[in-house]
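Protein sequences, first through last, are from chains A and E.
Using our numbering, the final residue of the first sequence is 439, and nothing's skipped along the way.
Using our numbering, the final residue of the second sequence is 439, and nothing's skipped along the way.
Simulated from the structure, these hints should not be mistaken for lab results.
Among the hints, erroneous ones may be present.
Distance condition first, Cα-Cα at most 30 Å in a straight line; then the derived DSBU-like pairs of lysine-lysine [unchecked claim]:
id	chain 1	residue 1	chain 2	residue 2
1	A	208	A	403
2	E	246	E	180
3	E	208	E	403
4	E	208	A	208
5	A	246	E	208
6	E	208	A	180
7	E	180	A	208
8	A	180	A	246
Predicted model only: the values in this text are computed from it and were never measured.
2 protein chains.
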Amino acid sequence: MSQTWVDVPAGSGFGLRNLPYGVFAPQGGPRRVGVRIGDYVLDLAATLDDPVFASGSLNAFLAQGRARWTEVRNRIVMALTEDAQRSRVEPALHPVDGVRLYLPFEVADYVDFYASEQHATNLGRMFRPDAAPLLPNWKHLPVGYHGRAGTVVASGTAIRRPCGQRKAPDDAAPSFGRSRKLDIEAEVGFVVGAGSPLGDAVTTKDFREHVFGVCLVNDWSARDIQAWEYVPLGPFLGKSFATSLSPWIVPLDALDAARVATPAQDPAPLEYLRESEDWGLDLQLRVRLNGELIAQPPYAQMYWSPAQMLAHMTANGAALRTGDLFASGTVSGPDPSQRGSLIELTWNGAEPITLADGTTRKFLDDGDTVTISADAPGPEGSRIGFGEVIGRIEPAAR
Amino acid sequence: MSQTWVDVPAGSGFGLRNLPYGVFAPQGGPRRVGVRIGDYVLDLAATLDDPVFASGSLNAFLAQGRARWTEVRNRIVMALTEDAQRSRVEPALHPVDGVRLYLPFEVADYVDFYASEQHATNLGRMFRPDAAPLLPNWKHLPVGYHGRAGTVVASGTAIRRPCGQRKAPDDAAPSFGRSRKLDIEAEVGFVVGAGSPLGDAVTTKDFREHVFGVCLVNDWSARDIQAWEYVPLGPFLGKSFATSLSPWIVPLDALDAARVATPAQDPAPLEYLRESEDWGLDLQLRVRLNGELIAQPPYAQMYWSPAQMLAHMTANGAALRTGDLFASGTVSGPDPSQRGSLIELTWNGAEPITLADGTTRKFLDDGDTVTISADAPGPEGSRIGFGEVIGRIEPAAR
């Protein structure tokens, strides 16, 4: 592949092999679709002279499907590599520090899976100490549930500590108030571009035809609310107050060098969950609390692949829509330093972590800022950056 | 209230006191918003000369809020009662049998509650025979979860029997195939018109400012898929293949005479769930299988009111959006003839029901048609009709 004429810093993660999509607005300008290159955002409507990008969301482009995604990617690479285009294209580059970034797409349905064996095992041990940590269905299907699409927010949106009903096991009765166990979940999200008709299942083979790209997700969780409400219908208000999304959607086309096999699956999954290609992904996540690295969850350890999640989610004929988001569930690896939530890092508060400033945390304090970032191997030794999803905790409303 | 010049059959349920909203298309014409009067649909864009109704969904009108909903209702009543308007308005009436009806609004988030004490008790007995039927949280909060908004479909949409993974307790391993326990859930749905900002709770007092109206819901359920998947994160593929909605949204303004107190709530709910007004609703549901009446669930028996559901759903600061739909969960009364699902009517297949043609049912057969209808008391002895939500089961795809 040729070189870009854009000045991309060494190790940026946003070189010509990445080109993730987002929605930005230049100062005083309207929202539009851009791709990131180095420390710039390229205005696609201006560069490609196509009104589908003069939009406040990626959805119209996502709906156009795989052939069009590939064509547009090729045209962007040409615009950023051909010297003859430089004078025309350069004015469409905006320094990323000077623009505002928005939620990159309108979320249709949001599904959250539970695909890390370590995370499911850790939570099973804490929530159901008297039983086997993994429930009997866990190794047979990717367990998941629907979350609230309307509260998926852009990175940087302030996260107000939720109030809710909770009852600790030794409380006589439930009470209402500020969550005392506000947590994060470091996850990876998959963005559906092309929909599917009601009644049709989407197979693991069709993953690439439907899924456009990958982003980072912080699925904020109020553990005390969740623990009291979640039987028998699953998490609800413990999760629905906010879910933060990274500003950049890395296209699947940028991730071929990151594809790996999932860990061995035993028992062998049923036919509809088998894969002929590897869709495990070697993303290395990093979780920072007030700037300090507190965990490094390895996505490559996830038991279920996103192609298996997609096949399962549609096995009953459920339609896909452009803008559907499905997330992996918390990414946790086998080493304690690889756990993607505070409830695991502090073992439900029993083992607080000590930060560099000497303070300790069982869960999040008001004013805390959480930053999740990731990168993955790219072609020819390059790195594919995912940017960051950031959120700062504001005090509860009451 | 004066009389309408439209010929409304006695006992129609669609008199001047009802005026439910839907989306229709006259033969060969585009979709538009209408209200039902007698056996006609009134084209609102033509009658009120307002482009917000020349739309394939109610959403733009729903977003305008309570004051506007009241103003439009008053204008419709004037159009249908003033003789001077008759010659102008009459051409905008279309016989309901000659138009096609559509999903009346674009569903934003779909939440399903579990608000019938009888239903929760019955299912608890069947799914957890060794434990107390009601879980400890049930009388403290309206238990609910998010469903799949993208598979909420219009009444009349064919329902394909889903396939999925299931494992009966005595099976050695799970298998994949057609659901053998396809069921209905007769529910009542509440349609959010005016949204709310992220971070703000909506109180029970504000119910009327946010909720526009009421419809009927059939939350189709594959019990075998559900039973295997639902721990610990709740129902997913057992529900997400389809949820059918009635074509008419009855405005809250039509339901004042139907408002009743909920059954006594013991223990007293926490402060944020208390009500200063009654929002129980005296809807009488009827469930028909292939035309034969099989159940008459009484909505007035529901433990939690829709105002309590709304207050709970937003207590954590979750935003509301125009088009949010929340449903009550299966409506079941104390009498066996009042159960709103086949799993209850046949006690999970142990007591099949016999139909008039001599056939029996544990769950739904291919070709079965289910029709749920309802009405409620209106002012001055009138009845408020909700119409019907209908679905016919098609054979599985594989």
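Hint by hint, here is what the structure shows:
1. Between residue 208(A) and residue 403(A) the CA atoms are separated by roughly 18 Å; this keeps the pair inside 30 Å, and the hint holds.
2. With a CA separation close to 21 Å, the supplied pair residue 246(E) and residue 180(E) stays within the 30 Å bound.
3. With a C-alpha separation of about 18 Å, the suggested pairing of residue 208(E) with residue 403(E) holds against the 30 Å cut-off.
4. A C-alpha spacing of about 33 Å is found between residue 208(E) and residue 208(A), which places the hinted pair above 30 Å, so the restraint is violated.
5. Taking the CA atoms of residue 246(A) and residue 208(E), the gap is near 26 Å; set against the 30 Å cutoff, the hint holds.
6. With a C-alpha separation of about 13 Å, the suggested pairing of residue 208(E) with residue 180(A) holds against the 30 Å cut-off.
7. Distance check on the hinted pair: residue 180(E) and residue 208(A) sit about 13 Å apart at the alpha-carbon level, within 30 Å; holds.
8. Straight-line distance between C-alpha atoms of residue 180(A) and residue 246(A) comes to about 21 Å, which keeps the hinted pair within the 30 Å bound.
In this structure, the one hint that does not hold is number 4.
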